[in-house]
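2 protein chains.
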Amino acid sequence: MTVLRSVLRRFVASPTALGAGLAAVSLLAVPAAAQTAPLSAQESDPAVMGWMKGFPPPRDRIITQPESVYFSFPKLRWSVCHLRELLPTEEISRGLGAPRPLEYPPPYQFANERQAIDALTFKPIDSDKTMTWEESLYANYTDGLLILHKGRVVYERYLGCLNPDGKHAAMSMTKSVTGLLASILVAEGKLNDSALVSDIIPEVKGKGYGSATVRQVMNMTTGLKFSEDYSDPDADIWRYSAAVSPLPKAEHFQGPSGYWDYLPTVEAQGQHGAAFHYKTIDADMLGWIVSRVSGKSVTELASERLWQPIGAEQDAYMTVDGTGVPFAGGGLSAGLRDLGRLGLLMLNEGVVGGERLFPAEAVRSIREGGDASKFGTNYPALLGGRYSSMWWIYPGQEGVFAARGVHGQTIYVDPSADMVLVRFASYPRAENPLIDPTSLPAFRAMAEYLKSSPN
Amino acid sequence: MTVLRSVLRRFVASPTALGAGLAAVSLLAVPAAAQTAPLSAQESDPAVMGWMKGFPPPRDRIITQPESVYFSFPKLRWSVCHLRELLPTEEISRGLGAPRPLEYPPPYQFANERQAIDALTFKPIDSDKTMTWEESLYANYTDGLLILHKGRVVYERYLGCLNPDGKHAAMSMTKSVTGLLASILVAEGKLNDSALVSDIIPEVKGKGYGSATVRQVMNMTTGLKFSEDYSDPDADIWRYSAAVSPLPKAEHFQGPSGYWDYLPTVEAQGQHGAAFHYKTIDADMLGWIVSRVSGKSVTELASERLWQPIGAEQDAYMTVDGTGVPFAGGGLSAGLRDLGRLGLLMLNEGVVGGERLFPAEAVRSIREGGDASKFGTNYPALLGGRYSSMWWIYPGQEGVFAARGVHGQTIYVDPSADMVLVRFASYPRAENPLIDPTSLPAFRAMAEYLKSSPN
Chain A
1 MTVLRSVLRR
11 FVASPTALGA
21 GLAAVSLLAV
31 PAAAQTAPLS
41 AQESDPAVMG
51 WMKGFPPPRD
61 RIITQPESVY
71 FSFPKLRWSV
81 CHLRELLPTE
91 EISRGLGAPR
101 PLEYPPPYQF
111 ANERQAIDAL
121 TFKPIDSDKT
131 MTWEESLYAN
141 YTDGLLILHK
151 GRVVYERYLG
161 CLNPDGKHAA
171 MSMTKSVTGL
181 LASILVAEGK
191 LNDSALVSDI
201 IPEVKGKGYG
211 SATVRQVMNM
221 TTGLKFSEDY
231 SDPDADIWRY
241 SAAVSPLPKA
251 EHFQGPSGYW
261 DYLPTVEAQG
271 QHGAAFHYKT
281 IDADMLGWIV
291 SRVSGKSVTE
301 LASERLWQPI
311 GAEQDAYMTV
321 DGTGVPFAGG
331 GLSAGLRDLG
341 RLGLLMLNEG
351 VVGGERLFPA
361 EAVRSIREGG
371 DASKFGTNYP
381 ALLGGRYSSM
391 WWIYPGQEGV
401 FAARGVHGQT
411 IYVDPSADMV
421 LVRFASYPRA
431 ENPLIDPTSL
441 PAFRAMAEYL
451 KSSPN
Chain B
1 MTVLRSVLRR
11 FVASPTALGA
21 GLAAVSLLAV
31 PAAAQTAPLS
41 AQESDPAVMG
51 WMKGFPPPRD
61 RIITQPESVY
71 FSFPKLRWSV
81 CHLRELLPTE
91 EISRGLGAPR
101 PLEYPPPYQF
111 ANERQAIDAL
121 TFKPIDSDKT
131 MTWEESLYAN
141 YTDGLLILHK
151 GRVVYERYLG
161 CLNPDGKHAA
171 MSMTKSVTGL
181 LASILVAEGK
191 LNDSALVSDI
201 IPEVKGKGYG
211 SATVRQVMNM
221 TTGLKFSEDY
231 SDPDADIWRY
241 SAAVSPLPKA
251 EHFQGPSGYW
261 DYLPTVEAQG
271 QHGAAFHYKT
281 IDADMLGWIV
291 SRVSGKSVTE
301 LASERLWQPI
311 GAEQDAYMTV
321 DGTGVPFAGG
331 GLSAGLRDLG
341 RLGLLMLNEG
351 VVGGERLFPA
361 EAVRSIREGG
371 DASKFGTNYP
381 ALLGGRYSSM
391 WWIYPGQEGV
401 FAARGVHGQT
411 IYVDPSADMV
421 LVRFASYPRA
431 ENPLIDPTSL
441 PAFRAMAEYL
451 KSSPN
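Sequence order for the protein chains is A and B.
Be aware that the first sequence starts at 1, since it is given in the UniProt record's numbering, and climbs by one per residue.
Be aware that the second sequence starts at 1, since it is given in the UniProt record's numbering, and climbs by one per residue.
Certain hints may be false.
Since the list can't tell identical chains apart, any single copy or any two copies may satisfy a pair.
[Unchecked claim] Straight-line C-alpha distance at most 27 Å; calculated DSS-like pairs for lysine-lysine:
#1 451 - 225
#2 225 - 374
#3 53 - 190
#4 249 - 53
#5 53 - 150
#6 129 - 451
The hints are simulated quantities; they were obtained by calculation from the structure and are not laboratory data.
With the sequences and hints as input, model every part of the structure.
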């Protein structure tokens, strides 16, 4: 028990790699605040709060370690744009050339379009009152929103901490980048998704992960013991958090150190392939697989296969553990427009500016993969959907698929409307089911609007 | 004594913001290695050592915290290119547009020129044997070397950990960037260099810094008690190191927290203006002054006034303390070519591509400033030189001036030869006087060669 308490204290006293904590700390931190209504988006705007303003800022306006502080609401509304200032990170290089410009309509038309879109109305799930598009931005604590239609930017707004040249935490959308990289390797014949994980990572032979297939990891149908019950001091999430923190370990620290030291300690539970269980460690394992197979870190591979060829205008970055391993399950921060470029790449099945970057099969297998019968009922707004190569495949005829991250992050691709929508947000609670009701109907209304648009 | 020991232990157990440690740790770490000959540049090449290679790397090839480990030779040869992976950092944005291309000769001519330059010979200081230019690259553990002549790149090489799209620790060259920003503000009438520091930063009124002038800070002629005697557990450097570490403080930590919390605790010693005493804290103080006066952090101002308008091809970054303050005395990491662009800006007194970025006076006051009579004898190769706005003004008729950082960093500007030379290096010891003998005569030989070159 002393050991446990000391692990706990270490976690609280020192930050975890973000995203271990991501859900962890936000959930821990919120209940007190959530009992009363949290500050509104406007009230909690970092500029209004005055975080980190001044030289120096007033003492109570300084945001610093540990994560339990900097990632608690409303501070998290600043921190989502400033993770590199709090944590060690690794660059995803855009390369050195000129960025590939995004297409925009003429300014007059663009301004008109924005006005029309802000006035769009929709009905939130389980609500009788309509809401305007612009109201939804605030309801969801939006920090940035970009919409591309027929390859052109038709809407772009920055709120909260974000600017055009800023980067925002992508949270679990990181998983979708890792999943896409894996899917590319599979489509190119470099990664066999029916192989056992232990064929590629012998370190997990005989361990929980050993008998899972790569595909089960990609679709998160592994059967593993991994509790994220934050009220339980024995929960696995605490040992994981201590392991993956980038900070120096305490003097007599005994546990695993880093993502890849932790993963072989995960035990089996239930049956691989039986059901979809969302868990960050599967993305960490997939990052390991991708690196072992490609001979490159996830950041290097994301740069070579994605950021450079899409013509990103900003480098992106990922947080790392104490051994330099990027956090494949949640560590990405990137620019809004660059995730728009990535969304276009998905929409166009691997083609950018007429150039094919990888086989269309890499995207098609994502859109067609996953198993609705194993999806379960944890995500009410997505009932009947699928989880495939770490992308969310939405129910419905439109073929919508998306990357999603806690606190409201999404890359939402609707091929039926030739639409890509990217949202960065800093919703007070780390629970997308609370955000879906004012988001998904809005996105559907947007698709309908664009389908009927003359442009 | 218990308190002292605990401060010491904290320093050793947890990293200091780099550059507090910069000198500190390197000096501490070297003696044992230096008693025998250290590994050569070729032997200690990070690729040869195999640092951080593999998924995961072998345990003894992982470079991680604390600083006493990652910044000891030969590990430092990897770490100088990877500081952001070990420490929190703040971006210096290049903006979002296309970079301003550097001019190159035609490839055939460029290759010939390189061959000719590598074969150049010179005589190291206090040596009878000549050395070739290429030999000097290895003698100095060079990681990157760029030479611009008449505005064109005539020589460019990457060794050790550096690549064209990589960034390297600039170490104390950071001070020269901070000094240039201050000099720009002075030339524009926004900063009065004869004002007392306490007029701008009331926090130091009545303290050691209070009665110094801004100019004395800029030229490091302040009279302050700041011991960097690493063998003395009472030395100020230890308290400074503990204060500025970006990691969470220990539970009962009592000392100042961050650069700006530390600086008001510095006591006077001797007389302001009497003599040049090189000390990092003056650059930290100048960073504070620059931020207070401009209303921008050093990173923001460096982006707006330098990195964006010079058309940098990479973002740069600075390490930060635990309160988000960038390390104005040593925290910069940047691309080789971008420091070449910065060198050209200095050579051309503020003009880039025909556009004037700031008054020529900002550079002229640097070149003409400082006081040779106060320079002292600590830098044998620079006897008769000056230190002005955190730039080194070399003795001699050529008007050479330079940024310098430990382990061999330099931006060397020779107006008489229309030459800018940038070198990143990871020399085993943090003592430039050991590197000058195989560097300065080489740079002078290069200037002579280029002066006589037909191109």
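Legend entry - Hints violated by the structure (numbers, ascending): Violated: hints 1, 5.
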